[in-house]
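Letter by letter, the chains look like this.
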Amino acid sequence: MLTQINGFFDIVEQMRAVDTSGIEPLAHPLATVAEVALRLRDDVVSEPNNREANQKSAPAVERGLFLVPKVIE
Amino acid sequence: MMSTELHQLSLAELARQLREKKVSAVETAQHFLGRIRAHETLGAFVDMNEEATLAQARAADTALAAGNAGALAGVPIAHKDIFVTKDFATTAGSKMLAGYRSPFDAAVVSRLAAAGAVTLGKVSCDEFAMGSANENVAVPALGHPAPAPVRNPWDTSRIPGGSSGGSAAAVAARLAPAASGTDTGGSIRQPASFCGITGIKPTYGRASRYGMIAYASSLDQAGPMARSAEDCALLLSAMCGPDPDRDSTSLDAPTEDFTRSLNDKLDGLRIGIPKEFFGEGLAPDVRAAVDAALKAYEKLGAKLVPISLPRTELSIPVYYIIAPAEASSNLSRFDGVKFGHRAKDYTDLLDMYKKTRAQGFGDEVKRRIMIGTYVLSHGYYDAYYLQAQKIRRMIADDFQQAFQQCDVIAGPVAPTVAWKIGEKADDPVANYLADIFTLPASLAGLPGMSVPAGFGAGNMPVGLQLIGNYLQEGKLLNVAHQLQQTTDFHLRQPGGI
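Same order as they appear, the protein sequences are chains A and P. Just remember that this note's numbering sits 363 ahead of the position in the first sequence, which is counted from 1. Just remember that this note's numbering sits 11 ahead of the position in the second sequence, which is counted from 1.
Any given hint could be a false lead.
Claimed, not checked - Dumping the calculated DSSO-like pairs for lysine-lysine here, alpha-carbon to alpha-carbon at most 30 Å: (1) P:LYS349 x A:LYS419; (2) P:LYS97 x P:LYS306; (3) P:LYS355 x P:LYS366; (4) P:LYS435 x A:LYS433; (5) A:LYS433 x P:LYS349.
Simulated from the structure, these hints should not be mistaken for lab results. From a predicted model like this one, the values you see are computed outputs, not experimental measurements.
Work out the full structure, taking the sequences as your base and the hints as a guide.
As structure tokens, then:
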């Protein structure tokens, strides 16, 4: 796996030589042509309580709580 | 209509016959379920639930009888196993999600269901949509005792492409008239090309990502895969629409009828031909098919305009920095706590995380998580991740320059036809390099599609890639549909099916 990852970084080298001074990073592709602001939705409860269905695929649950190994002694 | 012929109908024709009650939704569903079972060797399907499928079909028949049915009432569709579904298992091709059952349906799944579509089952994909060959699969397909790569119906010793390889193989083998797919770096277009079908990735943000298991959130986009542009237009109209409360990057673009402009004439259409897509890396057989398609466009009244996308080659490192970076963050949720796989033996919480992830993820997923974590780490962030995002803007700007001279851009989807199973399985970089022609449009968030354009080496299908400007899906589908009025490549079918 190390050889494969090193092989990958060989193809990345060409990218590092590109002059990008003065270029803004592009996070949302449509920001190329328009102002893109991330939306905020109203801070209200929108999802109904669906605990049982949501915990159906959990590896370990007890009384509606997710079980994990002891973290604090 | 003999039901043995149902799988030969286009989706548009099938929808019409269902509306005219020449065939029932239940009969249609049963026909395709039978075909899926008869072609399990392809490894395309990973889950079925006949009871749920037939219940949906009965509901469609009721709606059709009552005269209040949606546009896709009774039309069967398969869903890529990256969309979560209540009635079917969802694994994303990973051991991490083996046996996982979602409490809800993905937005794309529920939108298609609301239009009346009937789900046939889930189709295989590369693990977490990471792959170009559908060889990175860790869950067994139906009828297979162990995980196996999906086979290309045109030549079962070859890969179908990826990551939506099960979708493409199922449609090409007429196991479903259509399938959903997702495209992050080419995962709809490349398998569509390799399997001789039509697929479109819409503008980033057109289709809701809600319930689509995230790989690289700034690139992931859902789209339809079917046999013709007309069929894709029908499906895309149902799939797209704003979902502002559930997908933070969903576009505020109204729902459209993408069939509206299918029949527009192409007189005077300017097709941009990027010279970087026709360099020495392009196999001669693929080039010949693409050139022939471009000639056909000239006959239809289009004009070919030479353009340049100078940073095409750079899109490979840029994509393989940005996508793994986002993946490393997205896949951190798979920790064995709330859902999915958890290791059996561990000493403490950290050990549980480590063993769970070491056991649950396949090699390609691990590689990308490690690359992504590395390029986001302190001291490397500017040199890799930020540099990649800057070049991403330059690549997107190059397209805007090009679109000043042309209406659509055309070229090959992939440098070669589908390769043999196993040929590049141990060489991830070779797989990455083969994505060169699909990555630029992905990075720019532009709509792109693959249209059957002929056959190359080994009589394997070749796809023509069409790229449009933002929100120009209607134009792309029009351009594809017009080619399909003068060629019959999209009607050809593999032997033995």
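Hint check:
Between the alpha carbons of LYS349 of chain P and LYS419 of chain A the distance comes to roughly 9 Å, so the proposed pair stays at or under 30 Å and holds. A distance of roughly 47 Å separates the Cα atoms of LYS97 of chain P and LYS306 of chain P; the hinted pair therefore is violated under the 30 Å criterion. A C-alpha spacing of about 9 Å is found between LYS355 of chain P and LYS366 of chain P, which places the hinted pair at or below 30 Å, so the restraint holds. With a C-alpha separation of about 44 Å, the suggested pairing of LYS435 of chain P with LYS433 of chain A is violated against the 30 Å cut-off.
A C-alpha spacing of about 16 Å is found between LYS433 of chain A and LYS349 of chain P, which places the hinted pair at or below 30 Å, so the restraint holds.
The structure is inconsistent with the numbered hints 2, 4, although it conforms to all the rest.
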